[in-house]
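> Taking the hints into account, I'd like the entire structure generated from these sequences.
Just so we're aligned, residue 0 is where the sequence shown starts under numbering that gives the first Met the number 0, counting upward by one.
Among the hints, erroneous ones may be present.
To be verified - Here are the simulated distance ranges between beta carbons:
#1 Ala102 to Pro205: 13 to 23 angstroms
#2 Val204 to Ala139: 24 to 34 angstroms
#3 Pro268 to Lys288: 16 to 26 angstroms
#4 Arg300 to Ser43: 27 to 37 angstroms
#5 Gln145 to Gln192: 16 to 26 angstroms
#6 Val44 to Val204: 40 to 50 angstroms
#7 Trp55 to Asn244: 17 to 27 angstroms
#8 Ala64 to Asp99: 35 to 45 angstroms
#9 Ala154 to Lys288: 34 to 44 angstroms
#10 Phe260 to Arg63: 16 to 26 angstroms
#11 Arg300 to Arg63: 26 to 36 angstroms
#12 Ala210 to Glu67: 34 to 44 angstroms
Hint data in this document are derived by calculation from the structure and do not stem from the laboratory. Heads up, the beta-carbon is just placed ideally off N, CA and C, and yes, glycines get one too.
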Amino acid sequence: MRLQPRSNLTHAATLLAAALALAGCRSLPADGAPAAPGAPQAASVPADDNLNAVLWMQRSIEYRALAETVFRAATGHLDAALADPSWDALVAAERAAAGDASALPPAVILDIDETVLDNSAYQARLVVDGKEFTDPAWDAWVEERQAIPVPGAVAFTQAAAAKGITVFYISNRSAALTDATLDNLRSQGLPVQHDDVFLGLGMQVPGCEQAGSGKTCRRQLVGRTHRVLMQFGDQLGDFVQPAANTRAQHDALHGEYRDWFGTRWWVLPNPTYGAWESAQFNNERALPKDARRQRKRDALRTDR
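See below:
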């Protein structure tokens with residue numbers, strides 16, 4: 000190699016030292032690799048408790064397969080339920096209030112949101128925008144009539160309707176959203192035998208007093224005219240009214256009706272919201288987000 004004059008070597012060493020000093024002042028990415036020249040700095044992405052849950056429902060094959068499994072299995076039980084006049088999916092107290100069902104025409108009852116209609120696009124908007132659920136924003140979403148079917152829901156409800164079974168939808172969507180809801184159901188191929196098959200929140204049931212958003216009275220109303228073969232939902236309250244929204248009460252009801260799940264009652268997975276979540280922070284929904292998150296962290300099991 001060709002030797003350079005001493006003055007040139009001294010100048011080069013000075014430049015090298017300056018470059019090394021500047022490099023030492025520059026912070027490196029967490030993985031230790033230097034950023035490519037001109038690469039933009041990564042934007043900070045705010046944490047959101049629902050990110051993985053919504054993404055799982057929208058993108059995983061496992062969610063699709065679970066929902067299809069539930070509805071396919073339920074379809075296989077329809078003939079046996081139809082053939083047995085004593086088969087009924089209302090709990091004893093609700094059936095007693097509604098009257099004997101053995102000679103009544105058959106029906107199935109389904110919740111709507113995250114049971115037959117997938118609203119994960121609304122949940123995704125909340126994640127992207129860093130917002131939380133509000134009634135006005137939810138009502139505006141329902142009015143868009145854009146919810147898509149939960150996998151398997153259309154095939155099951157159409158199979159039930161083809162057997163002469165009336166399909167009822169008991170939902171905590173406001174009764175004021177009836178037109179938008181029925182339009183959405185029809186547009187996605189879900190059977191709507193008549194307008195009265197939608198029983199929304201706020202409807203009055205003669206002879207039955209219902210506090211809050213419970214579905215007991217609306218289930219009894221269906222039970223007065225139909226034998227309920229099956230019920231479908233994504234929350235325990237879609238099947239029976241808990242005495243209180245607590246983990247202990249949920250556990251007790253599950254123990255009492257364990258044999259009904261997968262025969263009379265069919266549960267769809269929904270990790271994005273529900274009474275199960277608010278039960279972890281004593282139903283104190285007005286708590287700041289950080290306080291609610293801390294209570295949910297406190298509820299985690301780490302020992303087994």
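> Hints broken by the structure, by number, lowest first?
Failing hints: none at all.
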